[in-house]
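K.L.:
Next come the chains, spelled out residue by residue.
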Amino acid sequence: MAALTPALVHVGYHKTGTNWLQEELFGNPRTGYRWLGKQPLTHPVHTLVRARPFDFDAAAVRAEFESMLRDAQNAGLLPVVSFPRLSGHPYSGGYDSRMIADRVAEVFPRARILIVIREQRSMIVSTYKQYVNAGGEARLEHFLQPAKQREWRVPGFDYGHFAYDRLLGHYSSLFGGDNVLVLPYEQFVRDARGFVEAIARFAGRELPAEVLEELPFGRRSNAGQSALAVGVARPLNRFRHRSDLNLEPLFESRLLSRTGTRIRRADLLGSPLTRRAAVRSETRLRETVAAAVGNRYVASNGDTIRMTGLDLGAFGWQV
Amino acid sequence: MAAPLIHIGYHKTGTKWLRGGLFLNKNAGYHWIDKDTPPVRRIVRAHPLEFDPEESRGEFEPLLAEADQKSLMPVICWGRLAGQAFSGGYDTKEIADRLKAVFPDGRIVVVVREQRSMIVSTYKQYLKAGGPSGIEAFLQPGSDQGWRIPLFDFDYFQYHLLIGYYNKLFGADNVLPLPYEELVRDRRSFLTKIGEFSGNPVPEEVLAEMTGAKRRNPAQSALVLGATRVLNRFGPRSELNPAPLMESMLVHGAATKLRKKLDPANLRATRGLAQRSEQSLKQAVAEAVGDRYFESNRITAELLGVDLAAYGWLL
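Chains A and B, in that order, give the protein sequences. Each step along the first sequence adds one to the number in this note's numbering, with nothing skipped, and position 117 is 1295. Each step along the second sequence adds one to the number in this note's numbering, with nothing skipped, and position 42 is 1063.
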């Protein structure tokens, strides 16, 4: 039996244009790639994250992926595993990012790894908005410091999750530096075409020129929400259904929950009535995050630059 | 230098009693390495991408040397080393690997407890520590959760997995698994086994002292814990309660006092109610547990070489 083409494994991070890459690049057969998907919940990509530490069976997971890899190969497409949860989750400080990396290496030892990183202040603003959107109740200050006194009973937000050099170093040690491509999200924002071309070169599967031309680089599948809408809608999360972000709702109300959704989706920056308040709210949120972050990432960003050769300073990173 | 005895828990299996009565007893021949010292804490707290076993060994060396100089058996005793039930034991394997990397010759004691009783006790501890959820929500936190935050997980109490893993890492001869129920029924036997296993037999006067001692961590009644649960919504922000409705030290203080002072089981007027409340909690847990641990318990019984059914375990 012929050896299978090694997969491209895109591990995230969250909030770095992952949906666009999955839908427009890896999910479009004309590009020469095949995203192996993530549905349903029994999909083996979830097992990489969800299997309990004593239960994980790399050979069994590999076997589950095998037919998908073979189908992609038979169709002449490069298989792509793309799932940002593979880099850990910011709401729990990336507590399992190393364990997942080890699992990825066991299941796909010859894989090429793609990691997209994002400047930390902008990353944390976006992560917090997503947290409220997903039902989180805590205001920003409490989100950033989930407990007055940390007791290591339940992992919460941890700034260390965005010290990227740690995870990049671990992936390099597992797969070899040449098999890990790190790109900044800011490059995607500024030059999406160059960003896609860099991925294609690394994966060894360049896109036909006409396909590259047709890619909807201007489309964003996950538009950012305004800080004002997030702030106004947050208290209504106390009436949303119970989840790991909302352990004890006051009571569950579909009406109030839907009201919150409508507020979050409202274009408050676009409306003349709310624009000023929305801009002020956005500025305040960004300032609060910037003050909380301080210069804590300067050293880590320096290490990331040394490891990747990226000019992160030119993209507005703190270096 | 002597390899340490490492008592990893679980929580709610008499760990504090053992620590206070045996490992801190100056006549017992142990040198307890405080669980609050930074190197012990780091075994649990260091992020997986930061933990360095070499560095950790270096930090432990002077602590082990101190025990050596005093001709005492070094011991680390911390229930958190077996994971934490409130987050489903997400780091139990990671901690086991760290202990092996730092103390390759360590000798491990692990105490397990019948799951229904364990979960009742765990939930009471959760309420005491400020958790806001009712028992059903505690046992099934966030039905649609996307594995974003690890929370309670029944599988955490499949003890055979943890014991089997420690056996694999350290060798079965270096792992002593004991049932908590043995401690409850026969303290002398329980303590004697630990002493023999560690190569540091427990002196008779310590045995006498400990078999006659009172419990250090008495259980609180389900009634008072349940009644004060609503006050946890006004308690300080914590990992168990990350978004309280309002933080009020006054309400929090009142809740703590009520829990400490009030025991409805001691009041004639409320004794019946307290018993019903206890019963109802136990029943809810028993129903949720069902027969999910049968298979695991059978393997655990074999690993322990103990008739766990005789101790009331389901198997």
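The set of hints was computed from the structure by calculation and includes no laboratory data. Hints are supplied without guarantee of correctness; some may be wrong.
To give an idea of the interface, some chain B residues facing chain A are shown, with a C-beta separation under 7 Å as derived from the structure [to be verified]: (1) P1059; (2) R1063; (3) V1065; (4) R1066; (5) P1069; (6) P1074; (7) Q1105; (8) F1107; (9) P1153; (10) I1156; (11) L1160; (12) W1168; (13) L1182; (14) P1257; (15) R1258; (16) S1259.
Straight-line distance between alpha carbons at most 30 Å, and here's what the computed DSSO-like set of lysine-lysine pairs gives [unchecked claim]: (17) A:K1326 x B:K1214; (18) A:K1326 x B:K1056; (19) B:K1114 x A:K1216; (20) A:K1326 x B:K1149; (21) A:K1326 x B:K1114.
Here the structure is a predicted model, which means the values were calculated and not measured. Note that CB positions come from ideal geometry on N, CA and C, so glycine has one too.
K.L.:
Could you run down the list of hints and mark each one as holding or not?
P.N.:
Going through the hints against the structure:
Hint on B:P1059 is violated. Least Cβ distance to chain A is approximately 13 Å, over the 7 Å limit. Taking 7 Å as the C-beta cut-off, the interface hint given for B:R1063 is violated, the closest approach to chain A being about 10 Å. Interface hint status for B:V1065: upheld, as the beta-carbon distance to the closest one in chain A is roughly 6 Å, under 7 Å. Look at B:R1066: its Cβ gets to within about 5 Å of chain A, closer than 7 Å, so that hint holds up.
The beta carbon of B:P1069 comes within 4 Å of a beta carbon in chain A, closer than 7 Å, and the hint placing it at the interface holds. Checking B:P1074 against chain A: minimum C-beta separation of about 14 Å lies over 7 Å; hint violated. Because the beta carbon of B:Q1105 sits about 5 Å from the nearest beta carbon in chain A, less than 7 Å, this interface hint is met. Interface hint status for B:F1107: upheld, as the beta-carbon distance to the closest one in chain A is roughly 5 Å, under 7 Å.
Checking B:P1153 against chain A by beta carbon gives a least distance of about 4 Å; that is within 7 Å, so the hint holds. Interface restraint check: B:I1156 against chain A, minimum CB-CB distance 12 Å, threshold 7 Å, status violated. Among the interface hints, the one on B:L1160 is violated; its C-beta lies about 12 Å from the nearest C-beta in chain A, farther than the 7 Å criterion. This hint holds: B:W1168 has a C-beta 5 Å from the nearest C-beta of chain A, less than the 7 Å allowed.
Annotation: B:L1182 was flagged as interfacial toward chain A, and the flag holds, the nearest CB pair being 4 Å apart, inside 7 Å. For B:P1257, the interface hint holds, the least distance from its beta-carbon to any beta-carbon of chain A being 6 Å, beneath 7 Å. With 7 Å as the threshold, the beta carbon of B:R1258 comes within range of chain A, its nearest partner Cβ sitting at about 5 Å, so the hint holds. A least Cβ separation of about 5 Å between B:S1259 and chain A falls short of the 7 Å threshold, and the interface hint therefore holds.
This hinted pair does not check out: A:K1326 and B:K1214 have alpha carbons roughly 41 Å apart, beyond 30 Å. At roughly 21 Å between alpha-carbon atoms, A:K1326 and B:K1056 fall within 30 Å of each other, so this suggested pair holds. This hinted pair checks out: B:K1114 and A:K1216 have alpha carbons roughly 26 Å apart, not beyond 30 Å. With a C-alpha separation of about 17 Å, the suggested pair A:K1326 and B:K1149 falls inside the 30 Å cut-off, and the hint holds.
Proposed proximity of A:K1326 and B:K1114 is supported: the alpha carbons are some 27 Å apart, at most 30 Å.
When held up to the earlier numbered hints, the structure conflicts with 1, 2, 6, 10, 11, 17 and fits the remainder.
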